[in-house]
Amino acid sequence: MKVLIYSDLHIEFDRFIPPDVPADVVVLAGDIGIQARGVLWANETFKCQVVYCAGNHEHYRGNIDRTVDKMKAAAASHVHVLENESWIFGNVRFLVGTAWTDFSATGDTITASMTCARGMNDFRMIRADSNYRRLRPADVIAKTHTTRDFLSRELAESFEGKTFVVTHHSPMVEVSGPEHEGHLSAAYYNRWHSLVERADFRAFGHTHCSTDTVLGGCRLLSN
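For the sequence shown, numbering that gives the first Met the number 0 assigns the number 0 to the initial residue and increments by one for each residue that follows.
The reader is advised that the hints may include incorrect statements.
[Unchecked claim] Pair by pair, the computed Cβ-Cβ distance ranges are: (1) Asp23 to Val213: 16 to 26 Å; (2) Met0 to Asn130: 43 to 53 Å; (3) Ala155 to Phe15: 33 to 43 Å; (4) Thr110 to Lys161: 32 to 42 Å; (5) Arg123 to Cys47: 32 to 42 Å.
[Unchecked claim] Straight-line C-alpha distance at most 25 Å; calculated DSS-like pairs for lysine-lysine: (6) Lys71 to Lys46; (7) Lys1 to Lys161; (8) Lys1 to Lys46; (9) Lys46 to Lys161; (10) Lys69 to Lys46.
Derived from the structure by calculation, the hints contain no laboratory data.
Quick caveat, the model's predicted, so the values are computed rather than measured.
Ideal Cβ placement from N, Cα and C applies to all residues, glycine included.
Kindly produce the complete structure, drawing on both the sequences and the hints.
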């Protein structure tokens, strides 16, 4: 199976025309476009099957609890918008969820969450709850724990083929690049080493750091 991976295209800033590369599945690992714009782009751009994982920027100008539903509603039949869901194609099981962060990666959850709340646009651009209040670190932590529970549960189930995990946020510091330092880096990666080694492939984005490496028997890929 040929899988083509994209993330962090940010078509809200500039259009992206992908090269004509044959693929069986296109994986979009988040931050393609705000709200459903990335989905509409994927509908028209690709004819093969597409696995779409929302990034943090998909939620900008929207509600963290409702954006994925709007993306799903806009998706064509060959575009699979997934959040804490699995999709099997051939002999490959795709497990998909944004992942977010619980701010524990730097060892001080309270300081990291406060630093990220001040320094990340997410907490100004994303809303939560029915009253559309500003996003809070606690909202992100809850989303992160839900995805971790989903992955842990699914990875515990045996599968005859290959398992391909897709998240937007990075699963570990070792593949996250040097761009972000201090407690702000907690917004970019988790420490999910035990989950990584239970999959065959792992695609992610968010760090804007190109990665193609094998750790614990899992091939990790990021643009």
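Practice problem: Hints the structure violates: just list their numbers, smallest first. | Solution: Nothing - there is no hint that the structure violates, so all of them hold.
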